[in-house]
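Single-letter residue listing:
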Amino acid sequence: MQPLIEWQAGTVTEIRPQTPQTKSFTLALPKWTAHRPGQHYDVRLTAPDGYQTQRSYSIASAPEQVGELELTVERIPDGEVSPYLHDVLVPGDQLEVRGPIGGYFVWEVGLGGPLLLVAGGSGIVPLMAMLRHRAAQRATLPARLLYSSRVPDGVIYRSELVQLSDRDHALELFFTFTRQAPEGWTGYRRRIDEAMLTEVIRPFEGRARVYVCGPTLLVETVANALVRMGLPTELIRTERFGPTGS
Amino acid sequence: MPLRYTIQPVAGFISRGFLGRRRPAEVENRLPPGQYLVTDFPVLSAGPTPHTPLDRWSFTIEGLVQSPVTWSWDEFQKLPTQTVTVDISCVTKWTKLDTKWRGVTFDTLLQAVQVEPTAHYVMAYSDGGYTTNLPLDEMVNGQAFVAYEFDGKPLASEHGGPARLVVPHLYFWKSAKWIRGLRLMERNAPGFWESLGYHIHGDPWKEERYSGD
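So the protein lines, in turn, are chains A and B.
Residues 114 to 359 (the numbering used here) make up the first sequence, in order.
Residues 6 to 218 (the numbering used here) make up the second sequence, in order.
It should be emphasised that the hints constitute simulated quantities derived from the structure, not laboratory data.
Note that the coordinates shown come from a computational prediction; the quantities given were computed from them, not determined experimentally.
Check before you lean on any hint, since a few could be wrong.
Away from chain A, derived, C-beta distances all over 10 Å, residues of chain B [unchecked claim]:
#	residue
1	I19
2	Q40
3	V48
4	H56
5	V70
6	W76
7	T104
8	Q116
9	E121
10	E163
11	G186
12	R192
13	L201
14	G202
Within a straight-line C-alpha distance of at most 20 Å, the following computed EDC-like cross-link-like pairs (lysine to aspartate or glutamate) qualify [as the list claims (entries may be wrong)]:
#	chain 1	residue 1	chain 2	residue 2
15	B	K105	B	E213
16	B	K101	A	D266
17	A	K144	A	D162
18	B	K211	A	E127
19	B	K101	B	E191
20	A	K144	B	D45
21	B	K101	A	D191
22	B	K101	B	D60
23	B	K158	B	D79
24	B	K101	B	D142
25	A	K144	A	E119
26	B	K101	B	E33
We put the beta carbon where it would ideally sit given N, CA and C, even for glycine.
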């Protein structure tokens, strides 16, 4: 029997807009414990009459960021919790959370590489925790990120990713834009497909640890393609969100 | 029908400026604590979706039974089915009301075997290596079934097709996708998520999400 994962009131220390739809929230936690990159926290909101609701959000920060937690949240226009976080919450406010939670979609330097991360939209968030952890540990194992966004200003963590990659030749970034690419863009401009994955994974010779996070359709496409390409299924870990489209 | 639950906030904590989105009482009373309503059908799984061809699919009941039994897909299709409409709750917080399934009840499957009196738990196992554990007495009397139709259509692979377990009174990770068999056991043992920090039982009305809850 494991101990209860207790609710605690974190204090919002910083709110940073990432894209027009996403913001990062940094919380200082009174009972912080180190998470594993890829894990999530539950967030609970309580109204004055006792009404409560909960959501799960992936952790964006590395466990090396001791005492703090960064959650990056996309604003869902008709949502109940994300509009509160985006529109109401200000630094100094308290937010009830509990975690870290989840033990499969996790990667640590000790698990080794090479590492292939595939993200769609805000699916970058748990993968960012992995990349930040990898950087904090000064790991040199090869890592590649394939990141699909609809439009240029929808790329979350763009400048930090570029900085990480500039400092570290073992980390390579591949962006693709599905609706509109930046001016003069010479990279990918389509949804992730098998041909794109084949190109990105080629130097890894079919032996990568793969983490895929994004909308269901993207995750299904990527995971199915990787299985067809012969990657062992136990090395492919997925986290899906959003509707099926059906 | 589920009972109305009591809200127990952390002593005194209120989220400044949060009012919440109330649903009509008849909906609110069907949402277990901490859950919110969805109308789509989210997909969650830990790895790639298996695609087992139907001519290589089979379903087995084994473990503490006098002799194990295995059905082919065609044989399984000939078993009597029931159509049920149930609410389902995922530990990731969404609840979907009035989902319609067709499948074979666990009771019907048990008629094909002689269960040993020492059997008290069941391990469901799936293509791709997924497992989840359940108490035997929470699967009988219409509480669990193996479904191969959702909403009148063959169950899509990302939702667990060709067939998945459906145990609507427990969090939906207990309703193993891509199910291939059930192993009856004497002692309880954790399955896949139960070994990774999730609750051994998983009752949404008791909010048994994680180990220690």
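Structure-based check of each hint:
1. With a cut of 10 Å on Cβ distances, B:I19 falls inside the contact zone with chain A, its closest approach being about 5 Å.
2. Annotated as non-interface, B:Q40 brings its C-beta within 10 Å of a C-beta of chain A; the closest such distance is 8 Å.
3. Here B:V48 does not stay apart from chain A, with its beta-carbon only about 4 Å from theirs, under the 10 Å limit.
4. In this structure B:H56 is not separated from chain A by more than 10 Å, as the shortest Cβ-Cβ distance comes to only about 8 Å.
5. The beta carbon of B:V70 is kept farther than 10 Å from every beta carbon of chain A, the shortest such distance being approximately 30 Å.
6. Listed as outside the interface, B:W76 is consistent with that label: its C-beta sits roughly 25 Å from the nearest C-beta of chain A, beyond the 10 Å cut-off.
7. Separation of B:T104 from chain A is adequate, the least Cβ-Cβ distance of about 13 Å exceeding the 10 Å criterion.
8. The beta carbon of B:Q116 is kept farther than 10 Å from every beta carbon of chain A, the shortest such distance being approximately 34 Å.
9. Separation of B:E121 from chain A is adequate, the least Cβ-Cβ distance of about 28 Å exceeding the 10 Å criterion.
10. Remark: the non-interface label on B:E163 conflicts with the geometry, its nearest Cβ contact in chain A lying 6 Å away (cut-off 10 Å).
11. The Cβ of B:G186 sits about 19 Å from the closest Cβ of chain A, beyond the 10 Å cut-off, so the non-interface label holds.
12. No Cβ of chain A comes within 10 Å of the Cβ of B:R192; the nearest lies about 15 Å off, and the non-interface call holds.
13. The non-interface label for B:L201 is inconsistent with chain A: the shortest C-beta to C-beta separation is roughly 3 Å, within 10 Å.
14. For B:G202, the requirement that its beta carbon stay farther than 10 Å from each beta carbon of chain A is not met, with the minimum near 5 Å.
15. For the hint pairing B:K105 with B:E213, the CA-to-CA distance comes to about 25 Å; that exceeds 20 Å, so the pair is violated.
16. A C-alpha spacing of about 33 Å is found between B:K101 and A:D266, which places the hinted pair above 20 Å, so the restraint is violated.
17. With a CA separation close to 27 Å, the supplied pair A:K144 and A:D162 exceeds the 20 Å bound.
18. Of the pairs offered as hints, the one joining B:K211 and A:E127 is violated, with about 35 Å between alpha carbons and a cut-off of 20 Å exceeded.
19. Simply put, B:K101 and B:E191 have alpha-carbon atoms about 33 Å apart, too far for the 20 Å limit, and the pair is violated.
20. The straight-line distance between the Cα atoms of A:K144 and B:D45 is roughly 36 Å, outside the 20 Å bound, and the hint therefore fails.
21. For a cut-off of 20 Å, the pair hint linking B:K101 to A:D191 stands: about 17 Å separates their Cα positions.
22. Restraint check for B:K101 and B:D60: the C-alpha separation of about 32 Å exceeds 20 Å, so the hint is violated.
23. This hinted pair checks out: B:K158 and B:D79 have alpha carbons roughly 17 Å apart, not beyond 20 Å.
24. Using a Cα cut-off of 20 Å, the hinted pair B:K101 and B:D142 is violated, with the two alpha carbons roughly 25 Å apart.
25. Distance hint between A:K144 and A:E119 is fulfilled; the C-alpha atoms sit about 9 Å from each other, no more than 20 Å.
26. For a cut-off of 20 Å, the pair hint linking B:K101 to B:E33 stands: about 12 Å separates their Cα positions.
Hints 1, 2, 3, 4, 10, 13, 14, 15, 16, 17, 18, 19, 20, 22 and 24, counting from the list given before, are not met by this structure.
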